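2 protein chains.
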Amino acid sequence: MAYHEGLDAGLFQRRHQEAVARFQEWIRHFGIAAENNSVSESCEFTMGLLRDAGFQHVERIATDRHPGIFATLDAGAKRTLAVYFMYDVKQVEGQEWSVPPWEARLVEMPDLGTVVMGRGAVNQKGPESSFLAALHAIRGAKRKLPVNLVLLAEGEEEIGSPHIRQLVLTPTVRAALEKCDGIFMPDAAQDRDGTITISLGAKGVVEAELVASGKKWGRGPLKDIHSSNRARVDSPPWHLVQALNTLVDAKGDPAIDGLLAMVKPISAADQKMLDEAALRISEQSTKQSLGVEHWARDASWRQALEDICFRPTVNIEGLVGGYTGAGGMTILPHQAAAKLDLRLVPDMTWDDTVTKLKAHLNSRGYGDIEVNVTGGYDPTTTAADSRLVQVQRSVYRSAGVDPIMWPRRGGSWPGYVFTGAPLKLAAIHHGMGHGARAHAPDEYYLIDSKNPKLVGMDGAVRSFVDLLFALA
Amino acid sequence: MAYHEGLDAGLFQRRHQEAVARFQEWIRHFGIAAENNSVSESCEFTMGLLRDAGFQHVERIATDRHPGIFATLDAGAKRTLAVYFMYDVKQVEGQEWSVPPWEARLVEMPDLGTVVMGRGAVNQKGPESSFLAALHAIRGAKRKLPVNLVLLAEGEEEIGSPHIRQLVLTPTVRAALEKCDGIFMPDAAQDRDGTITISLGAKGVVEAELVASGKKWGRGPLKDIHSSNRARVDSPPWHLVQALNTLVDAKGDPAIDGLLAMVKPISAADQKMLDEAALRISEQSTKQSLGVEHWARDASWRQALEDICFRPTVNIEGLVGGYTGAGGMTILPHQAAAKLDLRLVPDMTWDDTVTKLKAHLNSRGYGDIEVNVTGGYDPTTTAADSRLVQVQRSVYRSAGVDPIMWPRRGGSWPGYVFTGAPLKLAAIHHGMGHGARAHAPDEYYLIDSKNPKLVGMDGAVRSFVDLLFALA
Chain E
1 MAYHEGLDAG LFQRRHQEAV ARFQEWIRHF GIAAENNSVS ESCEFTMGLL
51 RDAGFQHVER IATDRHPGIF ATLDAGAKRT LAVYFMYDVK QVEGQEWSVP
101 PWEARLVEMP DLGTVVMGRG AVNQKGPESS FLAALHAIRG AKRKLPVNLV
151 LLAEGEEEIG SPHIRQLVLT PTVRAALEKC DGIFMPDAAQ DRDGTITISL
201 GAKGVVEAEL VASGKKWGRG PLKDIHSSNR ARVDSPPWHL VQALNTLVDA
251 KGDPAIDGLL AMVKPISAAD QKMLDEAALR ISEQSTKQSL GVEHWARDAS
301 WRQALEDICF RPTVNIEGLV GGYTGAGGMT ILPHQAAAKL DLRLVPDMTW
351 DDTVTKLKAH LNSRGYGDIE VNVTGGYDPT TTAADSRLVQ VQRSVYRSAG
401 VDPIMWPRRG GSWPGYVFTG APLKLAAIHH GMGHGARAHA PDEYYLIDSK
451 NPKLVGMDGA VRSFVDLLFA LA
Chain H
1 MAYHEGLDAG LFQRRHQEAV ARFQEWIRHF GIAAENNSVS ESCEFTMGLL
51 RDAGFQHVER IATDRHPGIF ATLDAGAKRT LAVYFMYDVK QVEGQEWSVP
101 PWEARLVEMP DLGTVVMGRG AVNQKGPESS FLAALHAIRG AKRKLPVNLV
151 LLAEGEEEIG SPHIRQLVLT PTVRAALEKC DGIFMPDAAQ DRDGTITISL
201 GAKGVVEAEL VASGKKWGRG PLKDIHSSNR ARVDSPPWHL VQALNTLVDA
251 KGDPAIDGLL AMVKPISAAD QKMLDEAALR ISEQSTKQSL GVEHWARDAS
301 WRQALEDICF RPTVNIEGLV GGYTGAGGMT ILPHQAAAKL DLRLVPDMTW
351 DDTVTKLKAH LNSRGYGDIE VNVTGGYDPT TTAADSRLVQ VQRSVYRSAG
401 VDPIMWPRRG GSWPGYVFTG APLKLAAIHH GMGHGARAHA PDEYYLIDSK
451 NPKLVGMDGA VRSFVDLLFA LA
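Protein chains in written order, with the working numbering: chain E, 1 to 472; chain H, 1 to 472.
None of these hints come from the bench; they were simulated from the model. If you're wondering where the values come from, they're calculated on a predicted model, not measured in any experiment. Among the hints, erroneous ones may be present.
It does not matter which identical chain is used: a pair holds within one copy or between any two.
Below, computed lysine-lysine pairings styled on DSSO-like, alpha-carbon distance capped at 27 angstroms [to be verified]:
| hint | residue 1 | residue 2 |
| --- | --- | --- |
| 1 | 264 | 144 |
| 2 | 287 | 142 |
| 3 | 358 | 264 |
| 4 | 287 | 223 |
| 5 | 358 | 251 |
| 6 | 215 | 251 |
| 7 | 450 | 358 |
| 8 | 287 | 453 |
| 9 | 215 | 287 |
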């Protein structure tokens, strides 16, 4: 029996409304780890989705903060594939959305079609919903799942997965993962022009808030005082600005002492991948989607691609201190903070970066500035010739797309807990379909495509069905 | 008839409750120019207070934004004194108060006594209420006011008095002010230790918001994008931090090109005043009230006093950009802003400072950063030997306090419109009494003192009565 027998487009269409509704309902049952907002409820809702999709064992796993989920689906198959889910989403505070972010409205977008717009749409509930719809479809076609599944979901991805190791190393979870051929995270891999990129890794990340305060400094005021006192009282906001200024060079690139010592040269294979990618990815549409006119350092397109894969960064996510309302307020603030994220490339590590950031501040006279690290990961890498990657490539090709091979995502995910010791699994993202604006306003995931280069949710579902059968 | 006949402590006590209630009600009728919040209503309320206090002519004067008030009280006296009021108050947004800021509650403070706590308590409604109570007291004692009064009130002091010149140069107002012997603003001059300081001037101020944006810069994103793009997209927040860093030197002192060229050397008379002040003002209690342990640059007490009078500053009032909520948010923000105030000493001017700030940013490669100037004043100076100052000094001495003569306030007020051309009036602050925490949480004004070194509201009222009779 051909693997796709009974799994035709008609089946996906018949189950389309049900799959979209399930996805929308999930957006409405959001959990935000950073705000301690509804995470437990969102965990329970997600567990229900997994049971409905056929997982026989669905277990809430406590961590030192927000719970994870461990689920297994034993299909009596030879091979077992692991799946990584996140059920939490990014905050929306301070963002201007054109639709309410938690209503998961269907919106028509020019040149795209119908999308679900809402927080978590593409990051990551849309792709995850399409994967669950694939399981429903296979069952609906009275077919047996061709592989067993081990699913791990966490509720702290958006705060840097501080307890992902705790989840992975839970004995039952670890034992289950050790039997897997690899792990994948559902993805919406198609860019706006239909291109698909297979990423062989991701940068690591350190998120940290730097706080300068009169109290910790031992200088400056203990509370906000009248700004005329600036003439005779030191200023925590200036202290912070001067400290920040030492973290980057004139071009804004990292200047933290010793930070780049562990950066590996780019391999010839990766250089070749970038050469090919530069020919295939549209610079113009990338610039347009980002709303930028120039690359940093006026880099060429090829260099900009290399930068996002291989250039470590120190980014300011936010600045907040003193008076932040309308107009002015003549105060000398007692405190100011900068929210940073640092992106890491091999062989930089989370541990080493945190240590060097603190040492740098200390040696430059800013040792009083608090470094509140909220989470993060090491970089992760999967070999291009691993079976999972090879199978994935063939699935995309059979769907008519020749994927661009890509050395490393600029964004981060906790793949290192799977690719590193002790598991050493291949770890990829997989899934046709399109969505964008992760972490930004008006995040969306494409449902019904009117763009011939892009598949909608049904096409995404098919790409998961295909992967499971191809792996088996 | 001795001037104080019928104006005894008993009278002030009998009218005490009424004066306190009037003051509390004024705090509740607040207007905040920076927020366009209730300014017109507060203006009307203030006009009612002036009519009640005996001003025969009370006129609302329109400006290009918030209205001022012009009021006259013709007592048939020989001399005319001008009074400057502000009826607006600072915002409270983002501040943590221990009591609601608009309820004007009576609060017991250790070592002080009963205070009214609320926004505007000391800056400036408490002292202004005590002055109005003095007018009520004189009328209540069936006495004629010994001087005529010309009162000018503005509702934009806390946003830098952008239309004070418009008010002063209104023909009827200007004509009335030209007949005056000088102008004073009601004050709570007693420090916590009872000390009174007569300030012969004030620093000028420029308030400005610096905004770095991808749009104006032509680099960086037009909206917030995922922070992984920092590797290839320029960052408006870093652009702002680097621009700010050029505005000050390593010690945090002004480094704006050419800014200090117009700074005059400190005169021998001012140096002598500072020498004497350093012996009389308590360093310890000043540090305690500010919540600081060290002066900037580890200055001596004498130097710290000189600094607050004569050192120009560039202060950060607030920083705001990108994500400012709990935890982190992996975005590359499209915009960031710093709210600054710059304090000016003679012969720096508001105009020249704004010009030099913009020129500096431009020449350092930050010409794209918007400089939104919200208001400000030139420095102001009144001669130590002017009659108004001499009379004031004698009033304080007769109340048992030998005032410290002080060259220049570190804070700012729009005295330059009175002391400069065309009016060239002597301009002072006057009033016994105590209050603190202007612009900060838990602002207060002392009503009933249990500290023998401090007078309460009745003593403040007396100090205004005394000034009026002594001037006549």
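Hints, one by one, checked against the model:
For the identical chains of this complex, residue 264 and residue 144 are neighbours neither inside a copy (45 angstroms) nor across copies (89 angstroms), given an alpha-carbon limit of 27 angstroms. With identical chains, the CA atoms of residue 287 and residue 142 are never at most 27 angstroms apart, being 46 angstroms at best within one copy and 79 angstroms at best between copies. For a Cα distance limit of 27 angstroms, the shortest separation of residue 358 from residue 264 inside one copy, 22 angstroms, qualifies, whereas the shortest one across copies, 43 angstroms, does not. For the homomeric pair residue 287 and residue 223, the shortest alpha-carbon distance between copies (12 angstroms) is at most 27 angstroms, but the shortest distance inside one copy (44 angstroms) is not.
In this assembly of identical chains, the alpha carbons of residue 358 and residue 251 lie at most 27 angstroms apart whether taken from the same copy (22 angstroms) or from different copies (22 angstroms). In this assembly of identical chains, the alpha carbons of residue 215 and residue 251 lie at most 27 angstroms apart only when taken from different copies (19 angstroms versus 32 angstroms within one copy). Taking identical chains as interchangeable, the C-alpha atoms of residue 450 and residue 358 are never at most 27 angstroms apart, the minima being 51 angstroms within one chain and 50 angstroms between chains. Within a single copy, residue 287 and residue 453 get their C-alpha atoms as close as 19 angstroms, which meets the 27 angstroms cut-off; across copies the closest is 69 angstroms, which misses it.
In the homo-oligomer, the alpha carbons of residue 215 and residue 287 lie at most 27 angstroms apart only across protomers (14 angstroms), although the nearest pairing inside one protomer, at 44 angstroms, exceeds that limit.
Hints 1, 2 and 7, counting from the list given before, are not met by this structure.
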